[in-house]
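All chains should be modelled from the sequences, with the hints used to inform the complete structure.
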Amino acid sequence: MAAPMARGASRLSLVFRRLLHSTVPSRCQEFDTKMLEIVVCPLSKKPLRYDPEKNELVSDELSVAYPIVNGIPNLIPEDARVIKKPEEPQDNGAKEQ
Amino acid sequence: MAALRSVSLRVGRICRCSNRITVSRRNLSEQTSSDETDKEEGTERSTHFGFESINESEKTGKVHEVFSNVASKYDIMNDAMSLGVHRLWKDRFMQVLDPLPGTRLLDVAGGTGDIAFRFVNWIKQKEQQRRKTSGAEFRLNPLETDESGSDTGLPSAEDYLYSEQRGDLSDTEEKKDSKVIICDINQSMLEVGKERAKKLGLEDDLVWVTGNAEELPFPDNSVDAYTIAFGIRNVTHIEKALCEAYRVLTPGGRFLCLEFSQVSNPLISSVYDLYSFQVIPVLGEVIASDWKSYQYLVESIRRFPNQEDFAEMIREAGFRMVTYDNLTSGVAAIHSGFKI
Numbered sequence: 001m002a003a004p005m006a007r008g009a010s011r012l013s014l015v016f017r018r019l020l021h022s023t024v025p026s027r028c029q030e031f032d033t034k035m036l037e038i039v040v041c042p043l044s045k046k047p048l049r050y051d052p053e054k055n056e057l058v059s060d061e062l063s064v065a066y067p068i069v070n071g072i073p074n075l076i077p078e079d080a081r082v083i084k085k086p087e088e089p090q091d092n093g094a095k096e097q
Numbered sequence: 001m002a003a004l005r006s007v008s009l010r011v012g013r014i015c016r017c018s019n020r021i022t023v024s025r026r027n028l029s030e031q032t033s034s035d036e037t038d039k040e041e042g043t044e045r046s047t048h049f050g051f052e053s054i055n056e057s058e059k060t061g062k063v064h065e066v067f068s069n070v071a072s073k074y075d076i077m078n079d080a081m082s083l084g085v086h087r088l089w090k091d092r093f094m095q096v097l098d099p100l101p102g103t104r105l106l107d108v109a110g111g112t113g114d115i116a117f118r119f120v121n122w123i124k125q126k127e128q129q130r131r132k133t134s135g136a137e138f139r140l141n142p143l144e145t146d147e148s149g150s151d152t153g154l155p156s157a158e159d160y161l162y163s164e165q166r167g168d169l170s171d172t173e174e175k176k177d178s179k180v181i182i183c184d185i186n187q188s189m190l191e192v193g194k195e196r197a198k199k200l201g202l203e204d205d206l207v208w209v210t211g212n213a214e215e216l217p218f219p220d221n222s223v224d225a226y227t228i229a230f231g232i233r234n235v236t237h238i239e240k241a242l243c244e245a246y247r248v249l250t251p252g253g254r255f256l257c258l259e260f261s262q263v264s265n266p267l268i269s270s271v272y273d274l275y276s277f278q279v280i281p282v283l284g285e286v287i288a289s290d291w292k293s294y295q296y297l298v299e300s301i302r303r304f305p306n307q308e309d310f311a312e313m314i315r316e317a318g319f320r321m322v323t324y325d326n327l328t329s330g331v332a333a334i335h336s337g338f339k340i
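Chains A and B supply the protein sequences, listed in that same order.
Take the first sequence: its position 1, counting from 1, is numbered 1 in full-length UniProt numbering, and each next residue is one higher.
Take the second sequence: its position 59, counting from 1, is numbered 59 in full-length UniProt numbering, and each next residue is one higher.
In case anyone wonders, no lab produced these hints; they're calculated from the structure.
C-beta: ideal position from N, C-alpha, C; glycine also.
Hints may be right or wrong, so weigh each one.
[To be verified] The following label-pair restraints were derived from C-beta to C-beta distances:
(1) B/L267 with A/I83: 54 to 62 Å
(2) B/K199 with A/D60: 34 to 42 Å
(3) A/R49 with B/T250: 19 to 27 Å
(4) A/E53 with B/I268: 52 to 60 Å
[Unchecked claim] Just so you have them, the derived chain A footprint on chain B, three or more residues with Cβ under 8 Å:
(5) 82-91
(6) 180-192
(7) 218-232
[Claimed, not checked] Partial list, computed: chain B residues near chain A (C-beta under 8 Å):
(8) G211
(9) N212
(10) E312
Okay, here's the thing in structure tokens:
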């Protein structure tokens, strides 16, 4: 009695996992960081840095970021995002000794 | 004197390519403002989109739209339009390339993976053949003697020499792994290819990158072979794509292009034209519900340079030993060149 139930539960779990993976948004596909050895910025031809938070490949030299879609890096210059540099905080006067 | 002239010609070609790349980077960063200025002045350059004349800046987007529309039905349509002959062309293409294990291949405009899959299977077959051959070499019957008269049954010095030449004694050395990168400007085409690769169990062997053939996101001298099959006629600036191909290839690397070309036989040409313009767009409408995209595809074939003109463009980019072979009386052609 226990064995068929266990098998049934196992099959149900497998079906559920397949369903879950098929409905997971495709942008969540992981980016293989080994690709950093293969690709470069199409404009500067220099290496890129992976930003896992934004899921982008960043060219620090040019301050542009290329999106990664479904685990595939989109390295078309027109699709890159220009990174706005944060404004530097202004000094409130010189420090007095 | 002749050697100096040859070197200076080669440098000249490379400089032309470098200048094109430099100008292209500057232009892309200023593209928005310059396009607006040109439009105001009415001086924007035009190019062909099939038989239509459009602004250069529009072509990439329109081609992108065509392939986004056809991506899901691309492979079925190829079979229907060519009655499966495209498979034979691609098989022949791989035979001509004849890659060895350890080759790093960049397949441009390779969206749905036809060339990449053939490359992976070719390499696997070669590796299997090599293993079989190296295994049999050392399986000597102890009672038999080799030609030198040795009766030990152990491999002779000659056997080792032969094996080293073949690369079998490289277990202790670092082997260069074969690699294939598929680059396409259209994400939809790559996603179709990725799904196909998954079904064929090849997903671990392939790298997928969205990129523009005119501005490749790969370092200089990083690939041993560059292939482009039925893609280069869709590129807005073919000469830029050829320069980029030259840049990313290692010295000695090979450029190989499979593309529709021109049929010189007038009888075959008229039958081909009839089929192209009367049948293919109808197939496009019936199978893919997209007459216009297939009308474009047929027209774009007619706008592409003929065999000799395209060979000259490849030479202009710096390649040498440029040759071409016609397939099916020139309906398609394979162009080859080397970076030497």
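We went through each hint and held it up to the structure:
no.: 1; hint: B/L267 with A/I83: 54 to 62 Å; verdict: holds, 60 Å
no.: 2; hint: B/K199 with A/D60: 34 to 42 Å; verdict: holds, 39 Å
no.: 3; hint: A/R49 with B/T250: 19 to 27 Å; verdict: holds, 26 Å
no.: 4; hint: A/E53 with B/I268: 52 to 60 Å; verdict: holds, 58 Å
no.: 5; hint: 82-91; verdict: violated (count 0)
no.: 6; hint: 180-192; verdict: holds (count 5)
no.: 7; hint: 218-232; verdict: holds (count 4)
no.: 8; hint: G211; verdict: holds, 5 Å
no.: 9; hint: N212; verdict: holds, 5 Å
no.: 10; hint: E312; verdict: violated, 27 Å
Of the numbered hints stated above, those contradicted by the structure are hints 5 and 10, listed in ascending order.
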